[in-house]
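The hints should help you fit chain Z with the ligands onto chain D, whose structure is shown.
Just so you know, the sequences run in chain order D and Z.
Number 490 in UniProt numbering belongs to position 490 of the first sequence; there are no gaps in the numbering.
Number 46 in UniProt numbering belongs to position 46 of the second sequence; there are no gaps in the numbering.
Simulated from the structure, these hints should not be mistaken for laboratory data.
Incorrect hints may appear among the rest.
Below 27 Å or equal to it, Euclidean Cα-Cα: the simulated DSSO-like pairs (lysine-lysine) are [as the list claims (entries may be wrong)]: (1) K536(D) / K557(D); (2) K373(D) / K103(Z); (3) K116(Z) / K549(D); (4) K536(D) / K566(D); (5) K102(Z) / K549(D); (6) K534(D) / K575(D); (7) K339(D) / K456(D); (8) K313(D) / K339(D); (9) K549(D) / K456(D); (10) K578(D) / K117(D); (11) K575(D) / K373(D); (12) K557(D) / K47(Z); (13) K31(Z) / K549(D); (14) K116(Z) / K4(Z); (15) K116(Z) / K557(D); (16) K534(D) / K112(Z); (17) K284(D) / K333(D); (18) K47(Z) / K536(D); (19) K25(D) / K129(D); (20) K102(Z) / K156(Z); (21) K102(Z) / K373(D); (22) K284(D) / K313(D); (23) K116(Z) / K156(Z); (24) K304(D) / K129(D); (25) K578(D) / K557(D); (26) K578(D) / K536(D); (27) K102(Z) / K112(Z); (28) K373(D) / K31(Z); (29) K534(D) / K456(D); (30) K373(D) / K116(Z); (31) K534(D) / K156(Z); (32) K578(D) / K566(D); (33) K47(Z) / K102(Z); (34) K103(Z) / K333(D); (35) K373(D) / K534(D).
All figures in this text were calculated on a predicted structure; none of them were measured in a lab.
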Amino acid sequence: IHPSSDEDGIEQDLLVSGSLRIIDKDGEIIVEYRPLEDTVDPSNMLCAGKDSSSVVEWAQCPGERSHQLLETQQSYETEWDMVNAVSFKRKPCPNGEGESRWAFTFSVSDLRSITVKEEGWTFLIFKLKESSTTLPTLHFHQGGSREFLDSLRRFVCVLCVCRTPDDETCLIVSTPNKALSQSFENLLDDNNFGLVHKFKKDPYVTTLGGFSKVTNYIFDAFRGTEEQHQRPPEEVADLLGEVIPGLEINQQEEPGFEVITRIDLGTRPQVTRREPLSADDWTKHQDPEGRMIQIPHLRQVIFKGGLCHAVRKEAWKFLLGYFPWDSTLEERKALQRNKTDEYFRMKLQWKSVSEEQERRNSRLRDYRSLIEKDVNRTDRTNRFYEGIDNPGLVLLHDILMTYCMYDFDLGYVQGMSDLLSPILYVMENEVDAFWCFVSFMDQMHQNFEEQMQGMKTQLIQLSTLLRLLDLAFWNYLESQDSGYLYFCFRWLLIRFKRELSFQDVLRLWEVMWTGLPCQNFHLLVCCAILDSEKQKIMEENYGFNEILKHINELSMKLDIEEILQKAEGISLQIKSCKDLPDSVSSILGFTSDVSGSEPSNPGSPWAPRATQRQDACSNGHGHLRETSSHNSCKVAFIS
Amino acid sequence: MTTKTSLLKVILLGDGGVGKSSIMNRYVTNKFDAHLFHTIGVEFLNKDLEVDGHQVTLQIWDTAGQERFRSLRTPFYRGSDCCLLTFSVDDNQSFLNLGNWKKEFIYYADVKEPEKFPFVVLGNKLDVTERQVSTEEAQQWCQENGDYPYYETSAKDATNVAVAFEEAVRRVLAMDERTDHLIPTDTVKLHRKPRSAATCCS
Ligand SMILES: Nc1nc2c(ncn2[C@@H]2O[C@H](COP(=O)(O)OP(=O)(O)O)[C@@H](O)[C@H]2O)c(=O)[nH]1
Ligand SMILES: [Mg+2]
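This is chain D alone, in the form it adopts within the complex (with noise of 0.2 Å):
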């Protein structure tokens, strides 16, 4: 502590050395600050980073973590009895000279924000909740600071990291509202099932079970006392993460956490959805030779109400880009005819093989197999595919065998016939339907591709999205082992489709066609849709598999026309933010060029503010308010 603060500047030259300790007394995780003895003398002045630096060993260890803990909760076990009883708040400054004038001590449930400050070495403010005395600044000459929060990151989630511009970190923590349910010693030296499990269920372990240091610090004190006992959805979660693993690099970065910057997001705004594009609107976008024209006027126009039907089978060729939209009605025409050609070459290549050519070919067997199956599970109540007959089932059986010989590599992976058959149903046309068909894989090829590249990256999107937006959901979700968002998997493999009646999945898809507001405006659907949902979860403390179910069990229960106009709502919320971090606008394709690209909005309701970007971190949590005062406060999020 350097005492000569600003406030009374007297004792200019006086360091109070001391040690720093993280304590967990009867559950309650306790930060302590005790100078030395002799703490007037400067020499000594090293000991702050020398005994924060016994925490840095016990946090450096992983193997011997627990009996480093152990020895600590120990060792200060009496004295603690004592210390404990006097509360910060009770004794801000207790009187006197010396060492007690600058002992504090402070639970970190009490812990508001921690700003970390470099000035060749590192020093840490933190500020509490209930409290406008700011405790002594500690200056960590010896360094250690890193490893003293690291520490503490145990205990406390950090909600976010704000830098601003003299490079000052402000991290806002949140404890959780219950203290560590059992302490640490309990459960190290107890075998007893029903406080292991006590402490798995505790929300709080929960929330820290999401940090994989975390995670594996329990675990280790566990393997050396009983066998592993992970909840299976926990266990479920932890393979997920393998298999999606993007997530986790967030945890490597300096200094624990991944940094994405961000400003306030202010209020949603509202937006009204319109009526569908007629089929007399869409012959007016037409000039003389069939070349359609003022075409952002037009996506426009389908964006915010959809087409109707009779238009979809024409301009969904445009939409899907089989059309160009230059082009004229003749080379429409003649693109058609060869387009037609070339399918039933296709076509007869699957159909001329022999069984016996067919026995030698497994990949083929399999496809065809595949394929058979599923086109008589796809939309059997829709007219165009129910009953036994129905010709319906034979051109999606077709087409998709065509796609296979299109497409070999790929050949048929389960949720293509969902986004053929719209696609057929509206094209009512062999040809038509496979180009098209071939359009929209080309946007969704990833997400069927042996390593489901696609999928994983959505998920990660998506995630990066839900944490800029609400993170307290987000937060919430990560406790509950469900951070890598796997429930959205059938949302994101097939669009929707199982999730919305056929008709509003017709409309969803041409409104998603156009492109606009933003790149991958589906994730903001899913977000949308979460939003609507996250309240229900959260009051209902849903886990894992209740999640899962949850989101499962939505299906045909959402209504399209409210879910876009929240998610278009979204979409300008994002867009007004000057300071978007780059991972978001990459997601979304908003340029980074943000100077006067959007001189319309200064006016509009949700425009960011510099008074509103102080609360930058309040976004999504209620208990968080202060940051820091800079304008350009930037926010990060610790996963």
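For chain Z with the ligands alone, coordinates are given in the frame of chain D:
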């Protein structure tokens, strides 16, 4: 004793199209939906039942069978108390694949003592007339692979579906009794399945 409810996780595995989803729906909702979609991702349904005086909540997990989705399917094998290996009596290939499903399950569920794990084998679509797999063949496979109970079921007309699930529960309970407890729902699972990698520093 009767106030305790055990939560048991049961998983249906087998080739696509053998009727796993139909069996699950038949059992839980007592309906057969001929228009059912093929499964994408994983789903589960709960069903409460009483077996030999034990209150049990069955959590029945159903997955998509295609190879491509394996990596996103197999994590859900963890923590299963019982596995229902399913084939369709009118599809010989699905019968031949039983062994692969069993292997995949044991590997990914991280089963410690595969010989003792309770598998139950279901030959579904009993109502179909053109059989490709005979009862004898199937029974023989079950005998040779660990003396598994075998049931021929029809999700369509409900034959043997409930019986098969009840047998699955009995097998699990029998396992539990050997290791001596029936535990309340909220502490279920904690006594089982140590991890292989668990190191011991004591
Ligand atoms: N005849 C008959 N058909 C069945 C039976 N069970 C399922 N099916 C049909 O077999 C097809 C595949 O069933 P599904 O439950 O989707 O199989 P899964 O892929 O294993 O989940 C569907 O068309 C069902 O209607 C059954 O017991 N008898
Ligand atoms: Mg299924």
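Item to check | Hint consistency between K116(Z) and K156(Z) [alpha-carbon to alpha-carbon, up to 27 Å] | outcome: Roughly 32 Å between the alpha carbons, so the hint for K116(Z) and K156(Z) is violated.
Item to check | Pairwise hint evaluation, K557(D) against K536(D), where the allowed Cα distance is 27 Å at most | outcome: 15 Å, holds
Checklist entry - Are K557(D) and K47(Z) close enough, with their CA atoms no more than 27 Å apart? => result 23 Å, holds
Checklist entry - Taking only the CA atoms, is the gap from K534(D) to K112(Z) under or equal to 27 Å? => result 38 Å, violated
Item to check | 27 Å limit on alpha-carbon distance, applied to hinted pair K304(D) and K129(D) | outcome: 45 Å, violated
Checklist entry - Does the alpha-carbon distance linking K102(Z) and K112(Z) stay inside the 27 Å limit? => result The hint holds at about 14 Å.
Checklist entry - Do the alpha carbons of K578(D) and K117(D) lie within 27 Å of each other, as the hint requires? => result The given pair, whose Cα atoms are some 26 Å apart, holds under the 27 Å limit.
Checklist entry - Straight-line Cα separation of K373(D) and K116(Z) no greater than 27 Å? => result Roughly 34 Å between the alpha carbons, so the hint for K373(D) and K116(Z) is violated.
Checklist entry - Taking only the CA atoms, is the gap from K578(D) to K557(D) under or equal to 27 Å? => result Measuring from Cα to Cα gives roughly 36 Å; hence the hint is violated.
Checklist entry - Within a Cα-Cα threshold of 27 Å, do K578(D) and K566(D) meet the stated pairing? => result Status holds; Cα separation ~21 Å.
Checklist entry - Regarding the pair K284(D) and K313(D), is the alpha-carbon distance no greater than 27 Å? => result 17 Å, holds
Checklist entry - If you draw a straight line from the CA of K534(D) to the CA of K575(D), is it 27 Å or shorter? => result Answer holds: K534(D) to K575(D) is near 23 Å, not above 27 Å.
When each numbered hint is compared with the structure, violations occur for hints 3, 7, 11, 15, 16, 23, 24, 25, 26, 30, 31, 34 and 35.
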